[in-house]
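Here is how the chains run, residue by residue.
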Amino acid sequence: MDRYQFEDAISAYLDNELNLSDRQAFEAYMDANPDAKALVNDIRATMKSIKGMPKVKASSAFMPNLYKRIEFEKNRPSKKIVERPSKTLFGFTPLYAGVMTVLIASFITVGVNLWPETNPTGQQIPAFTGNVTPTPANPVAAPNSTPSPTLVANETVADTADTTIIKKKKFQLNDKVQFVKDQR
Amino acid sequence: MDNQFRYTDEELIARFQEGDEQAYVELVNRYRDRLMTFVFRFVNDMEQAEDIVQDALLKLYTHKHYYKNIAKFSTWMYTIAGNLAKTELRKKKSHKTTNLSQMGPEDRDYELPAVEPDTDEVAQSEYIEKKIQAAIQRLPLHFRTVTILRDIQELSYEEISKIVDVPLGTVKSRINRARLQLQKDLKDLK
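Here the protein sequences line up with chains A and B, keeping their order.
Residue 36 in the numbering used here sits at position 36 of the first sequence, and the numbers go up by one each step.
The number in the numbering used here is simply the position in the second sequence, starting from 1, with 184 added.
The reader is advised that the hints may include incorrect statements.
Think about it this way: if two alpha-carbon atoms lie no more than 27 Å apart in a straight line, the pair counts; the simulated DSSO-like pairs of lysine-lysine are [stated by the list, open to error]: (1) 252(B) <-> 48(A); (2) 252(B) <-> 371(B); (3) 48(A) <-> 275(B); (4) 252(B) <-> 270(B); (5) 314(B) <-> 74(A); (6) 57(A) <-> 276(B); (7) 252(B) <-> 368(B); (8) 48(A) <-> 315(B); (9) 57(A) <-> 243(B); (10) 371(B) <-> 51(A); (11) 252(B) <-> 314(B); (12) 275(B) <-> 314(B); (13) 346(B) <-> 68(A).
Source of the hints: derived by calculation from the structure; they are not laboratory data.
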């Protein structure tokens, strides 16, 4: 045990909180160092003096004054006396909990509405065909239906490496759109 | 009223929470002087100590339902009184009054009232008390609190740890350092 360890353990020694081996080491250090022993005795005497100080008593006016103050609090218009604290939800009073819930719901609603629309299934949105009436998704499923004359603007892309070229959409126009003779 | 002495503090506060005002009176009788000793040793002003203890006991009356039976009643009471005392000391400090603890070592010869050691035993013990009280006032606040609670109020380390809301090891260390400082300050008393 060195001096620092000794000084750190003085209170634990005086309060009888050291285990047996630490206590033996502490006492061995004291036996080897008379000044350390004198320090412990001084601290013990100081503690005894502090404990021996007289207890402080309240004056005779204490209780009447306290009752006066209690009466004042009872009759105060804005009563300070808490009859029973209100119950809380996760640390919030019901009022604040309600306000917080409304705010969070509003935030979510606004957030969802502002979110850019995406197709949740990941399917491509079909290009506009000009067809007002719905067409069967699978032509094989409707073999009797007569194919309507359609104009397909199917231009091949010459150079796919050129990213400046905008892919042209295929137009599938049904008979509701009629073209006049091509002037060219 | 006689059988109220059989009740623990926790039972009394439970009765008071149910509306029994006699239980409050009993709690006040139990804690008034204990809190007076604690607060007076802390602030070193009798009038101020009475005000603070009254505030603490008034708080017990007005906020009785805030006590939950998960801690000892004494811990709750000491915490309230200690917090009020610290608040008062801070206010006092902000008013720039001269504090004994702010004096330099050269001022310390003049800090005690002119009570000279006397052959009279009472005067002697008063002198010693004032000397110790002055030494306690020179301790930093966090040392002062734990020292009073341990060496004057004789509370356990565990209870002190809960009152001041610091870990047990810190409480032990603060008490040890405070005792070393007091021993240095009060060397001439021996």
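Enumerate the violated hints, using their earlier numbering and listing them in ascending order.
When the structure is compared with the hints, numbers 1, 2, 3, 5, 7, 11, 13 turn out to be violated.
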